[in-house]
Amino acid sequence: MKDFKVLKKTYYDSVTLMSVTIAIKKALNLNDLVMFMGTDMNKEMMNSVGLYNQVFDEATPNDLLLGVEMEEENSDWADQVIEQLNNKNKKHESANTIYKTIAQAKEAKDSNLAIISVPGIYAANEAYKALENDMHVMLFSDNVSIEDEIALKDLALKKDLLVMGPDCGTAIINGKGLCFANQVSKGNIGLVAASGTGLQEVTVIIDKFGGGITQAIGVGGRDLSEAVGGKMTLKGIDALNEDAETKLIVVISKPPHKNVLDKIINKLETVKKPVVVCLLDTKIDQKIDNVYFVSTLTEAGQKALELIGKKTPNLTELDNELKTRIQKEKELKKPTQTKVKGLFCGGTLAAEALSILRGGLDGITSNVAKKENEKMKNPMKSQGNNLIDLGDDMFTQGKPHPMIEPTIRLDRIISEAKNPETSVILLDFELGLGSHDDPVGVTIDTIIESKQLAEKDGRHISFVAYVCGTNKDFQGLEKSEKLLRDQGVIVAKTNAHAAIIASSIVGGAK
Amino acid sequence: MSVNKLFKEKLKIVNVGSPSFIKDYEVQNIDYVHLEWRPPAGGNLKLLSLLNRIRPNMDLINKANEEVVSKIKAAEAKLVAVKQAIKVIPGMTSHMILHSGPPITFDKMCGPMQGAIIGALMYEGLAKNQDEALNLAESGNITFDSAHHHNAVGPMAGIISASMPVHVIYNETHGNYSYCTINEGLGKVLRYGANSEEVLTRLKLMEKVVMPVLNQAVEIAGGIDIKSIITQALHMGDDCHNRSKASSALFLREVAGYIVETNFSDEMKEQTINFIKNNEHYFLNLSMPYCKVALDSARNTKNSTVVLAMSRNGVDFGIQLANNSDKWFTAPANYVKGLLFPGFTEDDAAPDIGDSSITETCGIGGFAMGGAPAIVQFVGGGVQKAFDYSKEMHQITAGSHQVFTLPTLDFMPTALGIDILKVVETNILPIINTGMAHKKAGVGQVGAGLVTPPMACFEKALEDFAKSIQGEK
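Quick mapping for you: the protein sequence lines, in order, are chains A and B. Residues 2 to 511 (our numbering) are what the first sequence spells out, left to right. Residues 383 to 855 (our numbering) are what the second sequence spells out, left to right.
Please keep in mind that the hints were generated in silico from the structure rather than gathered at the bench. A quick note: this is a predicted structure, and the numbers were derived from the prediction, not measured. In this text, a Cβ means the ideal position worked out from N, Cα and C, and glycines have one as well. Do not rely on the hints blindly, as some may be mistaken.
[What the hints assert, rightly or not] Computed list of lysine-lysine pairs in DSS-like fashion (alpha-carbon distance at most 30 Å, straight line):
| # | chain 1 | residue 1 | chain 2 | residue 2 |
| --- | --- | --- | --- | --- |
| 1 | B | 390 | A | 177 |
| 2 | A | 473 | B | 390 |
| 3 | B | 821 | A | 44 |
| 4 | A | 483 | A | 312 |
| 5 | A | 187 | B | 394 |
| 6 | A | 101 | B | 849 |
| 7 | A | 177 | A | 400 |
| 8 | B | 445 | A | 110 |
| 9 | A | 159 | B | 394 |
| 10 | A | 110 | B | 392 |
| 11 | B | 387 | A | 273 |
| 12 | A | 480 | B | 849 |
| 13 | A | 457 | A | 473 |
| 14 | B | 821 | A | 264 |
| 15 | A | 101 | B | 394 |
[Unchecked claim] Far from chain A by the CB rule (all over 12 Å, computed), these chain B residues:
| # | residue |
| --- | --- |
| 16 | 402 |
| 17 | 544 |
| 18 | 825 |
Just need the whole structure built from these sequences, with the hints factored in.
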């Protein structure tokens with residue numbers, strides 16, 4: 002049936018009427034509904050859709066005309082329509098402001114740092130836009146071409162801006178951790194690093210023994226290559242040298258290209274502040290006033306603390322308690338159990354362990370090794386003493402990095418436990434922003450299971466672990482370490498310390 | 383140094399990419415903005431590499447674009463005459479029909495455009511009835527051309543035939559002219575393809591009464607300043623595309639006294655005043671030729687990537703650039719999304735049609751939506767959404783129009799000079815506020831809403847531009 006109603010002097014603007022008509026029609030289950038103000042044109046339109054009635058004839062443009070077609074008779078339909086109309090009219094979706102471009106964000110919020118983690122093929126373009134808008138850049142994305150990296154860093158230098166990355170996973174700027182970073186105290190040590198976990202390890206050591214940091218600048222793993230020439234490392238050193246808060250500078254890198262090393266040394270000769278240079282696995286004999294070359298992350302942390310007057314225990318020493326423990330572990334071994342299996346989430350931590358263990362463990366191989374004779378033939382399959390970086394592309398194809406998802410390491414722990422030659426399984430755990438919510442927690446059952454598996458076979462597996470984190474990290478350092486100790490895992494003070502313990506269990510340490 | 387400045391500032395982050403970092407910013411109380419990031423150029427690596435290839439020429443391009451924007455801004459527009467098309471439009475002949483959008487042949491035209499042409503041929507007396515008109519249109523004896531090729535524009539079908547009166551707009555700054563028909567009003571009208579007796583009668587009234595009266599009034603006035611009416615109307619809730627209520631009233635206020643001064647009969651004066659008064663879209667046919675005359679002043683500015691025309695013929699959407707302005711870059715037109723009048727569904731609507739998107743090209747219309755709260759429900763949201771559109775358009779333009787400001791946005795100038803490089807890169811398309819025509823001739827308007835040009839127009843323009851600038855070197 003059809004019905005009609007005129008509401009005298011009830012004005013609604015036509016756009017409101019149009020915008021709610023369909024919704025009301027649906028809500029009240031009407032076959033058809035027209036709502037119009039009584040202008041001549043509107044009357045004509047209602048006529049054309051067959052919902053006109055002579056009660057509309059006298060209506061004025063200030064009168065609301067309602068025409069309805071419905072299945073069942075309903076005398077209240079007009080009141081219901083008006084109620085709906087008033088409800089709908091009240092509700093206005095207030096859209097939140099959406100930002101689609103870096104320029105928009107810059108204009109609205111005066112942003113000063115862009116953190117870019119889009120796919121590599123697009124990342125350089127966004128970084129250009131950020132620099133064009135006078136913003137600093139942290140380029141988390143990898144797969145950025147070396148040409149783009151060079152061009153971006155040149156542009157940044159011209160504009161006195163930072164480009165941290167590409168493939169930069171860690172930085173701490175103004176006390177705020179970015180991407181993968183630990184919560185550490187503020188202090189007077191500034192860092193520049195071409196390594197994410199390297200930077201995490203040194204800041205954690207500094208924090209643990211009473212030090213603190215000003216800035217931790219990541220530069221990306223390729224910054225010290227010959228092509229890039231250490232552009233951002235040099236820039237970072239300059240910035241920290243100028244920074245009044247920074248009293249001491251720490252530079253961390255895997256071995257740089259020789260030409261780049263020369264540039265850095267030239268730069269350091271002009272720096273007045275003391276500098277600790279940690280070039281992993283590289284011995285530098287050069288003597289420069291106020292510059293201290295070290296080759297492990299632990300040494301870097303320890304030296305930095307010493308230079309700002311903080312006393313630290315010997316972080317690589319095996320105290321009596323540990324010595325006793327190691328002796329006990331040794332006594333439980335079968336003769337076949339002679340090898341250390343390091344399963345790492347942090348690539349730089351694996352590299353540091355390699356630099357420490359190569360003296361003590363025969364034929365040690367690793368997928369992070371640079372020397373031909375140390376390269377692991379097939380990282381998927383362990384043989385002998387091995388240190389495996391599970392963050393290697395070959396393990397992470399289409400999967401998250403093991404720092405985010407440590408469960409990709411679990412199967413490997415089981416298979417190492419089944420291997421009769423395995424004596425020690427060496428593990429690292431990274432806490433902090435960006436990392437898994439409970440990396441130890443998701444691993445502990447597998448540790449228990451693998452011990453039991455071995456025991457059925459009469460073997461005792463020693464677990465040695467290092468947790469890179471602080472008590473301020475949301476996962477909790479103490480809690481994580483306790484969980485490990487409760488299951489008989491030996492927990493080390495630093496990553497280097499863990500490597501030394503592992504080595505001494507298989508008799509490699511002096 | 384600026385890096386050291388950062389060390390002393392509060393960190394304010396733009397997060398581009400993974401949202402998983404957001405919780406880390408929140409727990410550390412870091413100010414951040416998370417971008418609604420989409421791959422630039424729609425993820426099209428070929429286009430991205432074109433953009434990168436153009437990058438070394440940015441200084442040259444920026445300079446050309448600045449020149450274009452300042453020319454458009456400097457343009458002044460006066461309505462100086464209302465005359466028959468054949469008397470004023472360059473190249474117009476008695477057997478020529480101009481239409482909206484890029485060039486198209488009669489057989490390919492959409493229903494409303496064909497209907498309007500049939501009406502125009504009968505109005506011109508070239509055909510006695512619809513059948514005759516159809517035969518004539520198909521015979522090849524009528525020349526069809528894009529109005530844009532004759533410095534003219536028209537809403538919807540945009541049909542201009544020889545006898546039709548047109549507004550003549552003169553740009554005093556650059557000395558060029560533009561032309562546009564007189565708006566017929568709403569309902570059954572030629573621009574929507576209607577061609578009944580009622581329609582033709584109205585066209586005759588416009589020719590015999592409105593044209594002579596208005597022409598003389600304008601002469602007495604010494605021209606009516608159109609740009610200044612737009613400036614005022616933007617402060618009165620008009621966007622000068624979908625809403626021309628205020629501007630039409632202002633125009634009538636400017637011209638009414640002069641109409642009275644003319645030597646025509648009282649009846650003719652009254653008819654003219656009522657004709658303008660009864661049509662709240664009257665001014666659309668003045669804002670459009672203002673935009674046309676301003677944009678035309680910058681045609682063929684080498685190395686400029688600014689768009690000087692956006693236009694639709696009901697089948698294709700076409701754009702023209704400042705660089706090489708005579709080339710069209712076309713792609714199939716989109717459908718308008720918005721509110722439909724009762725009794726109609728989306729299936730009834732024709733594809734986007736008309737030259738009225740010249741308003742957006744010149745920084746008003748959809749670009750000024752934030753200043754037209756009364757019509758923002760067409761966007762399907764509240765006023766905030768309209769504000770966002772008006773602000774967002776600044777992301778894709780080479781400049782802004784200081785004279786056209788939006789009070790609701792703290793007198794923010796409207797975005798001006800759509801830059802194809804920015805459109806392709808940001809993937810943000812110009813927003814157009816427009817009416818919807820029924821796909822069948824003569825039914826008329828079925829709704830109104832928002833539409834964007836197809837991205838392909840900008841992609842094609844970019845490809846052509848990249849070739850052109852490579853040739854420069």
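Hint by hint, here is what the structure shows:
Restraint check for residue 390 of chain B and residue 177 of chain A: satisfied, since their Cα atoms lie roughly 13 Å apart, inside the 30 Å limit. With a CA separation close to 24 Å, the supplied pair residue 473 of chain A and residue 390 of chain B stays within the 30 Å bound. As the CA atoms of residue 821 of chain B and residue 44 of chain A are separated by approximately 23 Å, the hinted pair is consistent with the 30 Å bound. At roughly 25 Å between alpha-carbon atoms, residue 483 of chain A and residue 312 of chain A fall within 30 Å of each other, so this suggested pair holds.
Proposed proximity of residue 187 of chain A and residue 394 of chain B is supported: the alpha carbons are some 19 Å apart, at most 30 Å. For the suggested pair residue 101 of chain A and residue 849 of chain B, the alpha carbons sit about 29 Å apart, so the restraint of at most 30 Å is met. Restraint check for residue 177 of chain A and residue 400 of chain A: satisfied, since their Cα atoms lie roughly 27 Å apart, inside the 30 Å limit. In summary, the hint linking residue 445 of chain B to residue 110 of chain A is supported, as the alpha carbons are separated by about 28 Å, within the 30 Å threshold.
At roughly 22 Å between alpha-carbon atoms, residue 159 of chain A and residue 394 of chain B fall within 30 Å of each other, so this suggested pair holds. Simply put, residue 110 of chain A and residue 392 of chain B have alpha-carbon atoms about 12 Å apart, close enough for the 30 Å limit, and the pair holds. Distance check on the hinted pair: residue 387 of chain B and residue 273 of chain A sit about 21 Å apart at the alpha-carbon level, within 30 Å; holds. A threshold of 30 Å between alpha carbons decides the hint, and for residue 480 of chain A with residue 849 of chain B the separation of about 63 Å lies outside it, so the pair is violated.
Restraint check: the Cα-Cα separation between residue 457 of chain A and residue 473 of chain A comes to about 40 Å, which exceeds 30 Å; the hinted pair is violated. Pair hint residue 821 of chain B plus residue 264 of chain A does not hold up; C-alpha atoms about 71 Å apart against a cutoff of 30 Å. Pair hint residue 101 of chain A plus residue 394 of chain B holds up; C-alpha atoms about 16 Å apart against a cutoff of 30 Å. The non-interface label for residue 402 of chain B is inconsistent with chain A: the shortest C-beta to C-beta separation is roughly 8 Å, within 12 Å.
For residue 544 of chain B, the non-interface assignment is confirmed: its Cβ lies about 31 Å from the closest Cβ of chain A, beyond the 12 Å cut-off. The beta carbon of residue 825 of chain B sits about 9 Å from the closest Cβ of chain A, which is not more than 12 Å, so the claim that it is off the interface is violated.
In summary, the numbered hints that this structure violates are 12, 13, 14, 16 and 18.
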